[in-house]
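Asks: Chains as they are written, first to last, in this note's numbering: chain S, 73 to 624; chain C, 10 to 134; chain P, 1295 to 1587.
Check the hints yourself; a few may be wrong.
Label-pair restraints from in silico Cβ distances [what the hints assert, rightly or not]:
| id | chain 1 | residue 1 | chain 2 | residue 2 | range |
| --- | --- | --- | --- | --- | --- |
| 1 | S | Leu88 | C | Ser79 | 27 to 35 Å |
| 2 | P | Arg1551 | S | Gly353 | 28 to 36 Å |
| 3 | S | Leu88 | C | Ile78 | 52 to 60 Å |
| 4 | S | Asp600 | C | Asp49 | 40 to 48 Å |
| 5 | S | Lys379 | P | Pro1417 | 35 to 43 Å |
| 6 | C | Asp110 | S | Arg113 | 56 to 64 Å |
| 7 | C | Arg56 | S | Trp112 | 43 to 51 Å |
| 8 | C | Val103 | S | Trp112 | 38 to 46 Å |
| 9 | C | Thr106 | S | Leu88 | 34 to 42 Å |
| 10 | P | Phe1552 | S | Arg279 | 46 to 54 Å |
| 11 | S | Arg279 | P | Arg1551 | 47 to 55 Å |
| 12 | S | Arg279 | P | Ser1351 | 37 to 45 Å |
These are calculated hints, taken from the structure and not from any lab test.
Ideal Cβ positions, reconstructed from N, Cα and C, are used throughout, including at glycine.
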Amino acid sequence: MSEANENKEYTWINPLGVWGAKGGNYEVTSNQVSDPSDVWRKNTGYKVPTSKVGRLKHYHIWDNHNEKLWKRLRWWPTRRHLLHVKGIYNRKTLNAEKKILDRRPIYWVICMVILFIGPLLFPSSMQSSLLTAGATFGIFAAINVCWTLIIGTASIFSLATYAVVGVAAFLTSWLSINFGMPWFSLPLIGAAIGFAMGGLIALPALRLDGFYYALLTLGLNELCRVYFTTSQEFGSASGGLYGADSYLSESWSPAVQSHASYYIALMILIGALVLFRFVNGKRLGRILRMAPEKREAFAEACGVDYKRARIQIFILTSAALGLIGGLYTAHFRGVAFSIFSFDTVLLGLAMLTIGGIGKAEGAILGTLVVVFLDRVMIEWGPMRHFLIGALMLASVLWLNNGYFGIKQQFNAWRDKKRGEWRSTRTEKGGEALPEEATEIDDKDDLYFRRYDKMQRDYLKTLITPEIIAEHKAKPLGQHSEALERVLLYFRRAKMEDKYALHRVGPDGPFKIIAFSGVRGVSPRVVEDKEYPTEEAGYHGVFMRRVHDLLES
Amino acid sequence: MTQLDEPSKDVPLVADSEKHFYEYFNAKQREYVKQVLNDDLIEEYRRKPLGHHSEPLERTLAYFRRLPISEQYALKQSKDGTYRMISMSGQRGVPPTYVSDEVFQTLHDGYFGIFMRQIKDMTEK
Amino acid sequence: MDLTFLITNAVIVACIYGLIAVAVSITWSSLGLINLGYGFVFSFAGYGAYLVSERISEHPVLVIAAAILSGALAGILICLVVFIPLHDKQNFTTRGMIATLAISLIGSQSLLMYFGPRAKALPELFGFWKVEIGGLVLTSDKIGIVVCSVIMLVGVVLWMRSSRRGLEIRAMMMNPHAASIVGIGIRSTGIYVMAMTGAMAGLAAALLSQTYYVSPFGGLTPLIKGVSIALCGGLGSVQGAVIAAIILGFTEAATSRFLGGQYVLITQFLVIISILIIRPRGISGLLDKAREQ
Chain S
73 MSEANENKEY
83 TWINPLGVWG
93 AKGGNYEVTS
103 NQVSDPSDVW
113 RKNTGYKVPT
123 SKVGRLKHYH
133 IWDNHNEKLW
143 KRLRWWPTRR
153 HLLHVKGIYN
163 RKTLNAEKKI
173 LDRRPIYWVI
183 CMVILFIGPL
193 LFPSSMQSSL
203 LTAGATFGIF
213 AAINVCWTLI
223 IGTASIFSLA
233 TYAVVGVAAF
243 LTSWLSINFG
253 MPWFSLPLIG
263 AAIGFAMGGL
273 IALPALRLDG
283 FYYALLTLGL
293 NELCRVYFTT
303 SQEFGSASGG
313 LYGADSYLSE
323 SWSPAVQSHA
333 SYYIALMILI
343 GALVLFRFVN
353 GKRLGRILRM
363 APEKREAFAE
373 ACGVDYKRAR
383 IQIFILTSAA
393 LGLIGGLYTA
403 HFRGVAFSIF
413 SFDTVLLGLA
423 MLTIGGIGKA
433 EGAILGTLVV
443 VFLDRVMIEW
453 GPMRHFLIGA
463 LMLASVLWLN
473 NGYFGIKQQF
483 NAWRDKKRGE
493 WRSTRTEKGG
503 EALPEEATEI
513 DDKDDLYFRR
523 YDKMQRDYLK
533 TLITPEIIAE
543 HKAKPLGQHS
553 EALERVLLYF
563 RRAKMEDKYA
573 LHRVGPDGPF
583 KIIAFSGVRG
593 VSPRVVEDKE
603 YPTEEAGYHG
613 VFMRRVHDLL
623 ES
Chain C
10 MTQLDEPSKD
20 VPLVADSEKH
30 FYEYFNAKQR
40 EYVKQVLNDD
50 LIEEYRRKPL
60 GHHSEPLERT
70 LAYFRRLPIS
80 EQYALKQSKD
90 GTYRMISMSG
100 QRGVPPTYVS
110 DEVFQTLHDG
120 YFGIFMRQIK
130 DMTEK
Chain P
1295 MDLTFLITNA
1305 VIVACIYGLI
1315 AVAVSITWSS
1325 LGLINLGYGF
1335 VFSFAGYGAY
1345 LVSERISEHP
1355 VLVIAAAILS
1365 GALAGILICL
1375 VVFIPLHDKQ
1385 NFTTRGMIAT
1395 LAISLIGSQS
1405 LLMYFGPRAK
1415 ALPELFGFWK
1425 VEIGGLVLTS
1435 DKIGIVVCSV
1445 IMLVGVVLWM
1455 RSSRRGLEIR
1465 AMMMNPHAAS
1475 IVGIGIRSTG
1485 IYVMAMTGAM
1495 AGLAAALLSQ
1505 TYYVSPFGGL
1515 TPLIKGVSIA
1525 LCGGLGSVQG
1535 AVIAAIILGF
1545 TEAATSRFLG
1555 GQYVLITQFL
1565 VIISILIIRP
1575 RGISGLLDKA
1585 REQ
């Protein structure tokens, strides 16, 4: 509608004419005024195509509990629910629904079920090798889960895990071979050995930290290796000890033995996971997570006894590792020296890294990958370790937090990108850039800049030669709407650099000056041109202001 | 046009000067409106009854809207969605009456009809 | 007499492992990266020298130069793969260390795949002559080892002190943030540092090959020893590494003389553990404070 009127000439009739306006100006040629809200609508419009419901998630998830709300399944004897569930209302249909906030227990259960029915799914040709590899996976995953407690929760970089396991395994197998200890005593003896070793490696941890402690544990590992490798007692001639008592009786058939070993290894893994859950999620884990290395002062200031917590975790974990060492002996009937080699430590680190340090599921995934490559894909030869190293390198180079941190990493990246896209699509059309806008405290100022810009864009369309002629003919008095709007805008400008008239003589010529806007600072002379009368001066000021407007 | 009109010529002298001046003012406004009233103005209103108007049309409409209720008109919607013009009585309790038999199909036509009626009333005053 | 023998042995061992220790120390203090890939650099340099000695000539200078160059090349490779992508990401210290371990694994395996598991021998670099000084017999290789490593170490120290690149490296050791403000590029300096330290490790490989063969996994023991010496002497301090090297060389010599070769590692690590317990930051771990992250 406004386009038809815009800047169309018409004769403006002064409404004050009927009252007898002094000085004429009864009829002036002027322009029609377009709708000022057009520029507003154009500027504030949302130009991005949007869908009707918006980006809110509205797909159905789970139905609400309804009447069964009170009688939900709980972990007896606590009142803790099985899953962390939240009741929500569907944004589109407004139905009452529920959403499972933490789906990880479900994934754990699914993976455990898959592991347990695994042997039924193995191809029969590879049955035995897969079962053996599975047993190895179970035991090493248990070791790595305990290792994650130290490296992840307590964030102490200890490389002595396999040393503890190896020492416990060697001592228990030696005891079993020489003194005939039965298999059920081996884990307990191993736990006691682990307990003692835990005390041994916990004390230096209080004094050293970071890579110094890693070196110390590495040295311990090497110490154990050299000692056991060179000592006759521990089978230096045969590469290890063999012949300990086992719960896998020799009288069973090989198939039953391998199945039993697989499932028992899985039970060991579940035991380690239970330990992890009840340490990491409870008080000790929380204390350790708040007092990582290099932030002990903060923890102490909060009143946390981190030293005691660290000793506790070491002793606890080492006892668990010793227990696993005893089970190792009972499982494999002995132990070889390779458990102390730097290779094992390296592979262990690979297992931890591939999944992501700090999470139990990361340790298990890493162990799965490495054991699969190492023990199952034997025909690939040295390519396996190459692949393991490549996976480790890829995981460390590109993933901030291992494989299970991919979702978090991707979300962070996506949010960053969204922010960048949003800022390129800036629709404000204002005078302030997005990064500038966040620095300005007074948001009214930002809004004013934008509003001012819209005003100026609108007024530029109103300025025509007719307006200027109208002003020249009569600077003061009632004006047509177009000129009135322009003049009102000029009069509203801020004082800084605002034009004014300076009377040079008593009746004399006028000069244009500009205010400084600062108290006490006198205005500056803008130009040398002198206007003979006040009206001429007004028009001169008007022309300057129009010029500034068109230039801005 | 340049002379002041004698007030007593057009408007009867009333004891309350305010009322008197109010009548005088309205007379002057009518004069102005009659000056700006032309086909273009009517066409502009017909095209766009609501929203941004040009200055003379806006002043005209302001004059019409300032009239007392008894001189204003309204639209009544019938059951079939058409409109008829009614005039208000201005007195409490007295119902409005139909002005004419003319039926307007849309609100847009109704607005325009009212506008034309107001102009007629004003020019005949 | 016994003592002098011990001392000479100690000095020789100290020279070789000291090179790697100084390399690890410099890398950590200037880049913040614990480079555990020196095992791979070591083997790579050994194989490089082997290839040159096989294909081109057996001249000692050429072989040593080949070892140094291939060491520098391996160092630059590690820099490009590990340091440059990771240095501005979170968790850089741990991730960098694990990445170098991964490269060590990959590299050793690829060397194994390419060259086969049999160890290769490098030619004798220093000849077979002997020198007698006051009742002490010094074989040529011992003299050669000491002389070469001392030259390399002195050269590195002088270069760091007086050349422009060395100045940039030292600036990064002191305060990497301020160095980057002044205009010292982290990446280009990183390449120089890794090349230089790789060259040092390469020289160590050539020198050690007089005693041991070149094999894909042969770099692991020198790496562990070098890292232990560096940590024992305090990360970031060259003089600490030298002192620790001498102490540990002495320990090794004494142990192999009195207790037998198989207990060398035990006594060495016991010494390291006791030093670390007494001084948790190493013998002179002064600069480590600047690198506390």
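Asks: Which earlier hints can't be squared with this structure?
Replies: 2, 3, 5, 6, 7, 10, 11 and 12
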